Every structure is written in C-alpha cells, then in structure tokens.
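Sequence lines, in order, name chains U and V. Take the UniProt record's numbering: the final residue in the first sequence is number 110, and no numbers are missing along the way. Take the UniProt record's numbering: the final residue in the second sequence is number 137, and no numbers are missing along the way.
Hints are computed from structural coordinates only; laboratory data are not their basis. It should be emphasised that the depicted structure is a prediction, and the values quoted were computed from it without experimental measurement. Backbone N, C-alpha and C fix where the C-beta goes; we use that ideal spot for every residue, glycine too. Heads up, some of the hints might be wrong.
[What the hints assert, rightly or not] Where chain V lies over chain U, by a calculated footprint (3+ residues, C-beta under 8 angstroms): (1) 19-27; (2) 46-57; (3) 61-68; (4) 88-96.
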Amino acid sequence: MNLTTNDHDGFSVISIEGRLVAAGAPQLRLAVNQLIEAGTVRVVVDLGRTEFIDSSGLGALIGGLKRARVAGGDLRIAAVPDAVRAVLRLTNLDRVLGEHSTPETAFDER
Amino acid sequence: MSGDGVTVKIGGLATPAFVEDVLDTLDSLWEATPFVPDEDRTLFMLAVSEVTTNIAQHGGDGVHVEAQFSVDGNQLIALLRDTAPPAGLDPGPAVMPGTDCESGRGLALTLAVLDDFQHDGAGDGNVWTLRRTFSRA
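Isolated chain U, as found in the complex:
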C-alpha cells in the first residue's frame, strides 16, 4: 500500500493506493492523527486507487472519522471503487462514511 497526503484549501486528502489491510492500516491511522494534530480536521480519504479493503482497513477509517469529529471536523471518503463499496455495504459503514464522487468536492457543502 502507498499512502500520500496532499493539502487543499481547507482540507487535506489522503490517497490510498493498493490494499488497505492490516499491514497498511496503521499508516492511515498515523496520517490522520498527524493531520489533526497539525490542525487540519477536515480529511478526505481518496480511495480511487484502493484495490481492496478488509476489517482492518475499515477500522482505520472509523478511527479516523471519530478522531476528526472529536476535533470538530470530519473524515469523508471519495472515489470509492466497487470492490470497496461492497465491503462498506456489508458492514453498513456506507451510511456512516460520507461518500463523494471526487476528493476535490468532498467538502463542497460544509
């Protein structure tokens, strides 16, 4: 898994390339924590190049969402592929994690 973070106007985008599973989940948790500690509480996780997710990856997303909301912000997901959406639906997390078509528009309605 490769993770990159890019700052935008008022939010940051974490892009996940590859599989979001146990080996990479701590990287996502760390990236979200670092953003929030630096004062960026609006976070988008771009899943456009995420091939697969399991419960470890879901846990990192939920952890990030909770952390962002406690800090007064939010974590949203964007560009969700079918393989990831199938797992989100099984766990009902599609209702919790706000899904947006692109990272750039995830915080348009603030």
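Starting from the structure of chain U, add chain V where the hints point.
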C-alpha cells in the same frame, strides 16, 4: 476436484506481510480463472484476509501457515493450516458490531460472505476451510 480446477499454494510465517503475500497469491489465482465474477473474488478475498489476519494477530509468535486456494467448478475454496495453539471460536463476535466500532468485524464478515466455514482445532494446530459458491456466466 473436477477437471477444470485450478489451485495455488503459499506458506510462511503468519505476519501482516504474509497476509499481503496471501492476497498476491489469490490475485495469481484470479489471473488463471477470469470467469470468476469480480464481486465473488472480492468477497472471497475478504474472508481469506480476515482469517489470515486473525491467525497473524492472535496465533502467537512463530506461527507457520500453509494455505491452498482453489477454483473448482463453481466453488472458491481455501484451506489454511496453521501451527498455532487450537483456537476457540467465540460465536459472540459473529454479530456485526455497531458502526462506531473500530474492530470486531472479522468473523461476522467472514461468515457473511461464505457458504461454508469450518474450523478444526482438535489436532496439532488449526485447519480452516472456507467455501464460496459463485454463478458461472
């Protein structure tokens, strides 16, 4: 096994990196079986990832896993043998936890996507058998 069966194997120490190796091995199985629908691949991989991760996280140090994955007819089959102490399966976590929980979904997801899930922990280690049936176009 019927005549059109395809099988791949991998073994190694149960670590998070080994889970990635297992998923790479499944990718090689899909390359040889393009008729398996995408959703069935994803959901079977999900169960395999959950079971393998569980062994890596709860089996203890130095646990070895031998895994075999097959497409046989309209069945996806995984057979994993590990050297961990026999695992007690708690049916409690089989209930999907609330959406605010950060963990505890592994077994519930595994059961949700499989047609058959067997665990034999009576011998020296554990044997996990996972089956999912798919529709051939």
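### Non-conforming hints, listed in increasing numerical order
none
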